[in-house]
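Here the protein sequences come in this chain order: B and F. Sequential numbering from 1 applies to the first sequence in our numbering. Sequential numbering from 1 applies to the second sequence in our numbering.
Keep in mind that the hints were calculated from the coordinates and are not lab data. Careful: at least some of the hints might be erroneous.
Said to hold, decoys possible - Residues of chain B placed beyond 12 Å of chain F at every Cβ, according to the derived structure:
#1 D18
#2 V24
#3 P28
#4 F44
#5 T48
#6 V52
#7 Y67
#8 S76
#9 L82
#10 L87
#11 V91
#12 M104
Said to hold, decoys possible - Below are the SDA-like pairs computed for lysine to any residue, each with C-alpha atoms no more than 25 Å apart in a straight line:
#13 B:K74 x F:D266
#14 B:K96 x F:M260
#15 B:K49 x F:N258
#16 B:K96 x F:E95
Glycine included, C-beta positions come from ideal geometry on N, C-alpha and C.
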Amino acid sequence: MEEDPRLDAIAYLDRFFDELREEVRSNPKLASRLVKALGAQVVFDDETKGDVSNPYVLADGSKTRFYSVYSPMKASQLKRVLRENNLATSVDLRGKTPSQLIDMLYERATSKVQERKSSNI
Amino acid sequence: MTATIVAVANLKGGVGKSTTTVMLADSLAYFYGLNVLVIDLDAQANSSQILLTERGVQAASEQGKGAHHLINQFINGETPDAAPFIMPNAVTLEELRLAEEQDERRGWIASLPSHPQLRLQELTLEEDWYSKAGTPTTLAKALETHFRAAFETLMPLYDVILLDCPPHLSPLSRAGLAMADVYVMPTIADAVSTWGTKQFSDWVGANFAPDLPRRNFVIITRFRNTSYARQVQTELKEIYLKDRWFGPTIPESVHVLNAMDRPAPDSYNTFRGKYGGVKGDVRRLAERFTDFLTQRTGRTWKKIRD
């Protein structure tokens, strides 16, 4: 069927926001970027935290906040965060418990931030 | 046995000197069991950071290790000896670490790291030298003499010494270039890098190595597989540098960028995990480079891993 060329402005916008809603549902990283751009504070559930959290940004804040974000995660999620942020290799992750993984994540992320952050910030 | 000194150099920055240095060190140690010493003469300390991490470079300096301590030795007129300033373990590959743990060391990497402090030290040294009517050339010669003496007792311990040279012609850089037996020149398949390659080739040929073509190994990195990049690559190989040895063309990859960011000083990775999609290229680099060294030195090495 051909597109109706006579849609009004609201209908066009509805189509656009429907597409955006669909994408935000299936793409937590995009959702995180969008709400950050809007300056909003939102809560992501534990399943998606691994996708949207940035350990470097969190390591630049308080240790309590860092641990509150990562403590609920399973070992597999923590390993993914460590690997995807280049904070550990598969070799480094062998045989580690969740608590060792969180400590490794915190220690390595804070070290990198300290090493790379300009000293006049 | 005495080490072959390899200068990894180009007058242009950003052509992959440090990445190439580390790839060569890893692949020669891993595939051929060579003992490699990496000397970082660049105050940017990039190859040192890649091998040891930023924290490791700082810790090394605090333990009295690094090229800047060797310069101090020269400034203070002390007996030349580089041994105390070398980090004996700069290995990042799990296979090499495990072999060492099982007393089966075959292939190892040590490092004389750099440190950002080297930049200030060079300036101080040059100001002092020139205030006493010295010249850049006499300083480069004096440094070369000190370095040769400082490494003399270490030469039998290594198969290859890789000098990561800075992209300029300071006396320190010239001392390194003068010591080299062979010159590895990384470049990129684009116009400005090709011009830089010509300048470097002309300058080294005129000042250190009239027989440069026989002593020159060129490695091209291709950022994108475009027809333009392939054309530049062909021109380099078939016209501008047609009398040189060429390594495999290394494709720019996310994997290599990640591989050059060691997570922590106690982090190790397997060769396959570190180099992923370019592991075949890195293997070919080692094969081609050992062929080049064999032609230069007459020494041969057997592959210990595939």
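Hint check results:
1. D18: holds (33 Å)
2. V24: The assertion about V24 of chain B holds, with a minimum of 26 Å to chain F.
3. P28: holds (21 Å)
4. F44: Check passes; 25 Å lies beyond 12 Å.
5. T48: holds (24 Å)
6. V52: Given that every Cβ of chain F is farther than 12 Å from that of V52 of chain B, nearest at about 21 Å, it holds.
7. Y67: The assertion about Y67 of chain B holds, with a minimum of 19 Å to chain F.
8. S76: About 18 Å separates S76 of chain B from the closest Cβ of chain F, which puts it past 12 Å; holds.
9. L82: violated (8 Å)
10. L87: Incorrect as stated: the minimum Cβ-Cβ distance to chain F is 5 Å, not above 12 Å.
11. V91: Violated, since 5 Å does not exceed 12 Å.
12. M104: Non-interface label fails for M104 of chain B: nearest chain F Cβ at 8 Å, not farther than 12 Å.
13. B:K74 x F:D266: Holds - the C-alpha atoms of D266 of chain F and K74 of chain B are around 24 Å apart, at most 25 Å.
14. B:K96 x F:M260: Answer holds: K96 of chain B to M260 of chain F is near 24 Å, not above 25 Å.
15. B:K49 x F:N258: Holds - the C-alpha atoms of N258 of chain F and K49 of chain B are around 23 Å apart, at most 25 Å.
16. B:K96 x F:E95: holds (20 Å)
In terms of the numbered hints stated before, the structure departs from hints 9, 10, 11, 12, listed from lowest to highest.
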